[in-house]
Amino acid sequence: MDFPHITTIEVAFRDLDVLGHVNNAVYLSYLETARINYMMALLHVRDIAELPLILAEVTIAYKSPALFGEMLHVGTGVARMGNKSFDVVHRIETGNGRFIASAKTILVMYDYATQTTVSIPDHFRNRVTELQGMWQPA
Numbered sequence: 000m001d002f003p004h005i006t007t008i009e010v011a012f013r014d015l016d017v018l019g020h021v022n023n024a025v026y027l028s029y030l031e032t033a034r035i036n037y038m039m040a041l042l043h044v045r046d047i048a049e050l051p052l053i054l055a056e057v058t059i060a061y062k063s064p065a066l067f068g069e070m071l072h073v074g075t076g077v078a079r080m081g082n083k084s085f086d087v088v089h090r091i092e093t094g095n096g097r098f099i100a101s102a103k104t105i106l107v108m109y110d111y112a113t114q115t116t117v118s119i120p121d122h123f124r125n126r127v128t129e130l131q132g133m134w135q136p137a
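Here numbering that gives the first Met the number 0 is used: position 47 in the sequence shown is 46, and no number is missing along the way.
None of the hints are false.
Label-pair distances were calculated between CB atoms; the ranges are:
#1 Pro-64 / Thr-7: 16 to 24 Å
#2 Asn-95 / Ala-48: 32 to 40 Å
#3 Pro-136 / Phe-12: 27 to 35 Å
#4 Asn-82 / Val-17: 43 to 51 Å
#5 Asn-82 / Pro-136: 18 to 26 Å
#6 Thr-93 / Leu-130: 21 to 29 Å
#7 Asp-16 / Glu-56: 21 to 29 Å
Don't read these hints as lab results, they were simulated from the structure.
Since this is a predicted model, take the numbers as computed values, not measurements.
For each residue, glycine too, the CB sits at the ideal point set by N, CA and C.
With the hints as extra help, turn the sequences into a complete structure.
Quick look at the structure:
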């Protein structure tokens, strides 16, 4: 999987629906875990309260069911940066490369003290370039 950051998540029993596969809503948690891991590494923070981000939108395209006990690899990367918002794309695969889902989240830089959106700082843009290089989603 060609992504700047990979998070591995094991499918737990609690993630399953009555049909025995991962419930569609659980994927939001998988994406959140991967996104937070990447953003904390990107911004060199240890506490999620230090992340100056707020989620604006999520879209998920489901391709194949994930099952109990599978190890899922969630690829994460920044695909686009605007003035205040940026897109993070994800790809979820099993350990053997079976394509489970793709997703896009739109995040907005946010100042929680003033409760306002803010422009993406240059240090964030530079850090993304440093970590991702010329990476672009396939």
